[in-house]
Structure formats: structure tokens, C-alpha cells
Amino acid sequence: MPRLREFLSATVIVLGLSGPAIADTPADTLVQAWQFDDIISLDPAEIFELSGAEIAGNTYERLIGYDINDVSKLHGVVAESWTVSEDGKTVTFKIRQGRKFASGNPLTANDVAYSLQRAVLLDKSPAFIINQFGITKDNVKDKIKATGDYEFTFTMDKPYAISFVLYCLTSTVASVVDSKLLMENEKNGDFGYEWLRTHYAGSGPFKIRDWRANEVIVLERNENYAGDAPPLARAIYRHIPETATQRLLLEKGDVDVARNLGPEEIAAVSGKDNIDIVQAAKGTLYYFSLNQKNEMLAKPQVREAIKYLVDYDAIADTIMKNLGEKHQAFLPKGFLGAINDTPYKLDVEKAKGLLAEAGYPDGFTITMDVRQTQPIAGMAEAVQQTLAQGGIKMEIIPGDGKQTLTKYRARQHDMYIGQWGADYQDPHTNAQTFASNPDNSDDGPSKTLAWRNAWPTPELNKQVDAAILESDTDKRAQLYQAMQKEVMETGPFIIMFQQIEVAAVSDKVNNFVLGPSFDTNIVASVSKD
Amino acid sequence: MIRISWRILRFLLMLAITLVGLLAMTFVIGRLVPIDPVLAIVGDRASPQVYARVREELGLDLPLIQQFWIYCKQAVTGDFGRSVLTSNPVLQDIARYFPATLELATLGTIIGTVIGIPLGVFAAVRAGSLLDQIVRVIGLVGYSVPIFWLGLMALLLFYAKLGWVAGPGRLDIAYDYLVTPVTGMLLIDSLMQGQIDVFWNALSHIILPASLLGYFSLAYISRMTRSFMLNELAQEYVTTARVKGLSEARVVWFHALRNAAVPLVTVIVLSYANLLEGSVLTETVFAWPGLGSYLTNSLQNADMNAVLGATLVIGVTFVGLNLVSDLLYRLLDPRTRTP
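Going down the list, the protein sequences come from chains G and Z.
The opening residue of the first sequence carries number 1 in the working numbering; numbering runs sequentially from there.
The opening residue of the second sequence carries number 530 in the working numbering; numbering runs sequentially from there.
Just so you know, nobody snuck in bad clues.
DSSO-like mimics (lysine-lysine), calculated; alpha carbons at most 27 Å apart, straight line:
#1 690/Z x 252/G
#2 158/G x 447/G
#3 508/G x 690/Z
#4 293/G x 407/G
#5 350/G x 393/G
#6 158/G x 73/G
#7 187/G x 602/Z
#8 141/G x 180/G
#9 528/G x 690/Z
#10 272/G x 321/G
#11 272/G x 690/Z
#12 447/G x 462/G
#13 89/G x 158/G
Not close to chain G: a few residues of chain Z, all C-beta gaps over 12 Å, as computed:
#14 554
#15 555
#16 597
#17 605
#18 718
#19 778
#20 848
#21 853
#22 859
Worth flagging that the hints you see were computed from the coordinates, not collected in a lab.
Glycine residues also receive a C-beta, built at the ideal position from the N, C-alpha and C atoms.
When you get a sec, could you build the whole thing from the sequences and use the hints?
In C-alpha cells form, the structure reads like this:
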């Protein structure tokens with residue numbers, strides 16, 4: 001369209017704009033282009049979205065942390081040490097002395113106890129992580145309490161595996177908040193909730209200076225931080241929803257990191273000298289599932305046949321290239337007890353045999369609810385093609401995320417394709433959702449993924465409950481291995497990939513690391529040339 | 530005196546009816562869409578108790594009529610509720626995002642008008658010539674090319690390749706926080722506070738999206754100018770003026786254009802209103818934090834307070850601009866003034 005271009009350039013020339021020189025990002029600031037429209041709150045007791053969790057991970061300290069290169073290694077952050085009582089129900093934590101919040105207030109055991117109590121009393125979405133230990137609004141002040149300036153106790157209803165307890169305390173909900181500052185901002189007994197939704201009260205390497213929804217998040221070095229001071233003075237996240245725009249900004253040097261590029265864009269920038277690709281396997285799985293309320297899908301041979309009617313390798317090489325790796329067990333790689341077997345591959349003949357055995361030699365027709373977003377929609381189309389080879393005619397019902405999810409949660413689907421991210425780094429989080437369904441009635445209280453797909457799991461329920469009480473870590477790992485094999489062989493879940501998160505990073509940036517979970521993409525160690 | 534108050538009264542009545550209608554429609558549509566606003570807040574894994582509590586907090590357990598009534602009562606007192614997405618009162622959000630859109634659309638309209646009117650006049654004077662054809666093609670492209678694609682192409686060329694203008698966003702981060710928002714319009718605020726560097730940076734950010742919007746309004750304005758001018762040039766008074774020996778330029782620019790200006794004012798004001806509400810895609814491509822992207826995001830997340838608030842602002846602006854065009858029309862053309 002030469003005429004158009006001439007016209008546009010003429011417009012700019014007419015307006016006399018030669019354009020001021022475009023500056024690179026400042027040397028003491030990391031600028032990331034990122035899509036963060038999911039953030040609705042900055043309060044760690046409420047944060048339950050991926051982007052919010054990452055911000056909290058960079059600005060708050062928790063009681064416990066884990067090594068991002070080896071998730072099985074736990075270490076104290078605010079906690080110096082811990083001891084477990086003889087009956088296994090009470091953990092006593094010692095808190096490190098001499099730490100301060102960004103406000104200058106000292107950090108004591110009282111703050112830690114307040115933070116956990118507050119999360120339970122506010123009862124926002126992530127409160128269940130603490131509720132799991134028999135801690136409720138009514139008993140929280142007895143169960144979690146400071147027993148000294150630098151000591152507090154955490155008491156549970158059962159002797160849960162200590163690793164399970166500690167991993168739960170590594171999650172965002174266990175971030176330590178500044179009780180004094182929050183009490184100053186309290187209104188009508190809300191524990192400072194209204195205020196903290198848009199403010200900051202932590203002790204992490206960075207503090208939150210500003211959050212403008214769908215626009216920018218500005219983090220600034222916390223001079224009171226007890227650990228090594230971050231090399232950079234600021235870390236800025238700019239909300240850039242368009243991936244093509246993210247790529248442009250990166251190539252022009254207006255941002256240092258592009259976080260949401262698609263496979264083609266990653267391929268295009270990875271050839272450039274001044275751009276590095278950083279990636280990490282995440283605890284998120286891509287899967288599709290079969291509602292057992294559908295009598296065809298409830299037949300064991302049909303479930304097995306469908307597992308053989310997916311071309312895992314072809315999808316991995318195309319749609320999921322740079323975005324995921326083949327994985328078929330419910331525990332992501334890196335979790336305690338995770339198995340990395342991938343026994344299923346495309347085998348049309350075998351699948352046809354199984355379908356004939358089930359009484360469907362000519363296949364059948366079925367629907368799948370699909371969220372119209374990539375890579376989900378692409379995967380659904382690929383599955384549709386290979387299912388057709390086995391005689392199964394799959395009709396795709398497109399919808400947006402909240403539509404398909406509403407239907408899935410109401411158990412009204414035939415097949416559903418989606419993703420599932422772990423809430424914390426302990427295997428129980430996924431074991432519970434994929435392998436436990438204590439009450440399969442429509443109003444059952446525990447709405448796990450097994451429940452959503454109406455899959456009763458009488459034997460597995462017992463195993464899931466037993467595993468969180470097993471104190472021997474090796475034995476516990478074996479229990480999870482057995483559960484994964486069982487679910488892989490008989491369950492209504494076709495788990496296909498584990499997500500890989502990819503960031504394109506300017507070569508001026510050093511030590512940019514993506515961690516194994518969405519809240520461990522830490523910028524505190526980043527420096528720039 | 531009586532005439533003026535009647536006009537004001539009529540305007541206020543029209544405003545009230547329009548706004549209530551607009552609100553009622555948006556409200557009902559918002560409640561009918563198959564998106565669960567509670568789910569948007571509590572997330573996928575919340576317990577049934579948390580879900581039920583939030584539903585109650587939002588008042589979604591009440592009958593629809595009652596929900597609407599409560600909302601209208603609050604809205605009258607200036608309380609539009611809190612946005613789920615930003616955690617701020619909706620009014621505060623609008624005060625932040627609307628000036629960004631206003632600034633963009635205003636500059637877009639100025640560009641469209643300043644270039645569109647002369648183009649339209651030339652096309653009319655030389656009707657059927659090559660110039661006329663070119664103007665027509667420019668208009669056609671403006672109507673038919675997706676703004677989304679054109680925006681990306683413009684970014685590629687002027688920002689990425691030529692480096693003439695700055696990229697998406699309103700400012701380079703180095704200039705952020707240097708200006709205290711007063712009007713919320715960066716070009717004005719930076720000048721008022723003597724921050725010339727910030728002004729140039731803001732201008733180099735806004736010029737591309739504003740030109741793009743300007744192009745779309747130009748397509749419309751130049752076409753309408755051409756048709757109004759053709760109409761005027763065929764009038765007797767134009768012939769008379771020529772016979773009297775006035776220069777062609779004087780005839781065209783002073784006599785004919787002056788008369789064509791009356792309907793043109795309406796065209797420009799309407800085009801301005803269109804830019805204000807229709808800049809959603811431009812705002813997305815250019816990561817422009819304006820009311821358009823605020824509204825889109827809120828819609829996608831079933832953030833109904835924000836959707837209703839933003840709709841209301843757009844509605845008021847639309848009605849207000851119509852009144853302005855109405856008044857200007859009367860001012861410019863005495864014949865339309867009722868005795």
C-alpha cells in the first residue's frame with residue numbers, strides 16, 4: 001500500500017516531527033513488557049493469580065523458601081529453624097532477629113502469627129491452604145500464636161507430613177505483613193484489607209511503589225531489606241497485551257524483557273545476537289478430560305483408546321514448541337515423587353481395537369468445550385484430527401475462558417481441555433485434585449478435578465489422605481508414584497504437556513531467572529551492563 | 530431568556546432519559562452474559578463458602594430490579610462502586626483513564642480536520658480529476674482497512690524502522706513521575722509545569738496513534754466536505770460572486786466553505802464522538818491506558834461497576850457533544866434560529 005505509507009509519512013513530516021532520540025532503558029532499571037491484567041489485589045492474603053503472585057514473590061518474604069534449582073531443598077527465610085512436637089501436631093518456629101519491614105518497623109514473631117491469622121480470618125480464596133490443617137476462623141488464634149518475640153507455634157489437627165506443612169508455608173498466602181502498619185490503616189476491623197489491596201507492607205528485596213491496573217507496576221529497592229541488596233534500583237513491569245508490540249519494544253531497546261511472546265516470535269528473536277532466551281519448566285499441566293457422566297466416556301476401554309489417539313510428539317513440535325514439553329503424569333517434573341514416564345503415543349490401530357472391545361467399532365460423536373485462546377484452541381484442533389482417525393467425531397464448542405469454566409465446574413461438558421497449575425510445591429496439591437473425589441454427588445463439597453469429571457475414586461481417596469500423614473519422605477514419594485501410575489492408566493485425564501515459560505531478554509541483562517513456579521520469577525539478583 | 534431555559538430543560542430531560550436507558554440496557558446485558566462475575570473475583574479454586582459470600586457482597590443474590598435500583602440510587606450520589614480489576618472507586622479510575630482518551634481523540638480530530646477539510650475542498654473544486662480520485666481512495670482505505678493492522682504497520686515503519694516516533698505507551702519510563710497530573714492530559718500538564726522534555730516525549734508517543742485516529746476521521750471529514758462543497762458550488766450565490774469578479778480562491782474559501790461549514794460542524798463533532806468511543810483497538814495496539822482499554826478489560830472480566838461507569842461517561846459525552854453541535858449549528862446559521 002505505497003500510497004497509504006506515503007500519506008502517513010507525509011502527515012508526520014508535515015507535523016514537523018523528526019522525533020527526539022529514543023532513549024534506552026535506564027541503567028539502574030529493569031523494564032519488562034508483560035501481560036498482567038489478571039491482577040486484582042496486592043494483598044498477599046487475597047492474591048491467587050499468576051501475575052499477582054510474581055509481584056508478591058519479589059516484594060514479600062515468607063516463612064520458608066525453597067531452592068529454585070532443586071525444589072526438594074527447603075530453607076528458612078524469615079524462619080531461622082523449626083522443631084516438630086512429639087505427637088507431630090505442633091511446629092515451633094524460631095524467627096530471625098534484627099529484620100525490618102520497608103516501613104522501618106521491626107519484624108517479630110507477632111507479625112508472622114498476625115499474617116497467618118489474618119489470612120484465615122479474611123477468608124479469601126487462598127485461605128484454604130492453611131485451612132487444610134484443621135485451622136478455622138474460630139480456632140486460629142489458639143492454633144497459630146506467638147509464644148515470644150521471636151517464636152511462634154503452628155498447631156494442626158493431625159500429624160501431617162512436615163514437608164507438606166512447610167511447602168504450604170512457602171506459598172504467597174504465608175507472606176509476612178507489617179502488622180503495625182496494617183493496624184494503622186485498619187478500617188472497621190478489616191485488618192487493613194481495603195488499604196493493602198493497593199499498597200505495600202512487606203520486607204522483601206523490593207517494595208511496591210506504584211500499581212496502575214493494566215498499565216504499570218513499579219518496584220523500588222527496599223533499603224531496609226535484610227538480605228543482599230538488589231543491584232538494580234528499580235524493576236518496572238509495563239502492561240503490553242499485544243505480543244507483536246512486546247517484540248517490537250524489545251528489539252528497539254525500550255524494554256529489557258518480553259514475557260509473553262508466541263512460538264513464532266520466539267523463533268524470530270532467538271536468532272538475534274543481542275537477545276537471549278531464558279526458559280523454565282513450570283508446575284502447570286495441559287490436559288483434557290472426559291466427563292464420566294457420559295456413558296461412552298465412562299467405559300475403561302474408551303478412556304484408554306483416547307489416550308492412544310493423541311499425537312503428543314507432533315503437537316510438541318508445532319503448537320507447543322518452546323511452550324511445553326511432553327508430560328503424562330499428574331505431578332509436574334521437579335515435584336517430590338514425580339514420574340516422567342510417557343507411555344502413550346499415537347497408535348490408531350490399538351485404539352481402534354480398544355474401541356471395538358468397548359462396543360464402538362465405528363466410533364461415536366462427542367463434544368469438547370474449548371477456550372478460544374492459544375495454545376489451547378490449537379491443541380483441541382490437533383486432538384480433533386487424530387480422534388477422527390480412530391472414528392471418534394469430536395465437535396469443538398468454542399467459548400471464552402469464564403464461559404467454558406462455568407460449564408466445566410457445573411459438570412455439563414463431555415470433554416474439556418485446559419490447564420492446571422499447582423498451588424504450592426508439595427505433591428498433595430495435584431494429588432488431591434486429580435486423584436481425590438470423596439463425594440461424587442452433584443453438590444459434593446470437594447470440587448476437585450476428579451469430581452468435575454464425575455470420576456469416583458474410593459481407593460485413591462484413602463491413598464491421598466494417607467500420603468499427607470506419611471512422615472518418611474522416601475515412602476511418601478513412593479505413594480505418589482503409585483497414585484500417578486494409577487491415574488495415568490485408569491483416570492479420565494489425558495495429561496499431555498508441562499508448561500515451559502519463556503522470556504526473551506536483552507543481552508545487557510544478567511542473571512534473569514525464571515523459577516519453577518509462577519511466584520519464583522525473581523528480579524532481585526538481576527543486574528545490567 | 531425563556532427560550533434558553535427551555536432549551537436547557539429539554540437538554541437535561543434528554544440527558545436523563547438517555548442515561549437511564551443506557552444504564553438499564555448495559556445493566557441487563559451485563560447480567561445476561563454467560564460470564565460469572567463471582568468467579569472472576571474468587572478464582573477457580575475458591576471454596577463454595579467463599580464463593581457464596583462474595584456473591585452476597587456483590588448483591589447478586591438480590592432480584593435484578595432491586596440490584597438496578599440500588600445501583601441507580603448510589604450513582605445519583607456520585608458513587609459508582611468499586612472496580613474489581615483495579616480495586617479503586619470507579620469514579621477515580623475514570624478520572625485517570627478518560628483524560629488519556631480525551632487527549633488522544635482531540636489530537637486525532639484536530640489532525641483529521643486540519644487535513645480533511647482542505648482535501649475535501651480541493652476534491653470538490655477539481656471534481657473528477659486525478660486529485661479527486663486520490664482523495665476518494667484515501668477515504669476508501671480509511672473506511673476499509675482494519676485499524677488494528679494499520680496500527681501495527683505504522684508502528685513497524687515509524688517506530689521500529691525509521692525511529693521517528695516513540696513506541697507504545699504515553700511516556701518513556703525515564704519521564705514517568707516527572708509531571709503531577711492536573712488535567713490528566715500529559716501535553717497540557719507538562720507545558721503548564723514547564724517540563725519541555727516531557728512534553729516532547731509525550732508528543733512523540735501520541736503522534737502515531739493520534740495520526741492513525743486522525744486518518745480515520747479524515748476519511749470521513751474529507752468525503753463529507755467534498756459533498757457539501759459540491760452542493761454549495763452549484764448554488765446561485767456562487768455564480769453571482771464569480772460574476773462580481775471575485776477571485777476563485779475567495780469564492781471557494783470564503784463564500785462556499787463558510788456555508789458548507791454549518792453542516793461540517795456536525796460532521797466534525799460526530800467524528801470526535803466516534804473517536805472517543807471507538808479508539809479501543811488503537812488503545813490496545815499502542816498500549817494506551819485510556820477509557821477504551823479500561824472498558825474492554827472490564828467487559829472481559831465481567832467487572833460490571835466499571836463497565837456501567839465507563840458507559841455512563843461515554844453516554845454523557847455523546848449527549849453533550851450533540852448539544853454542542855446543535856448550539857454551534859444555530860450560531861453559524863441564523864436561519865435555524867427559531868423566532
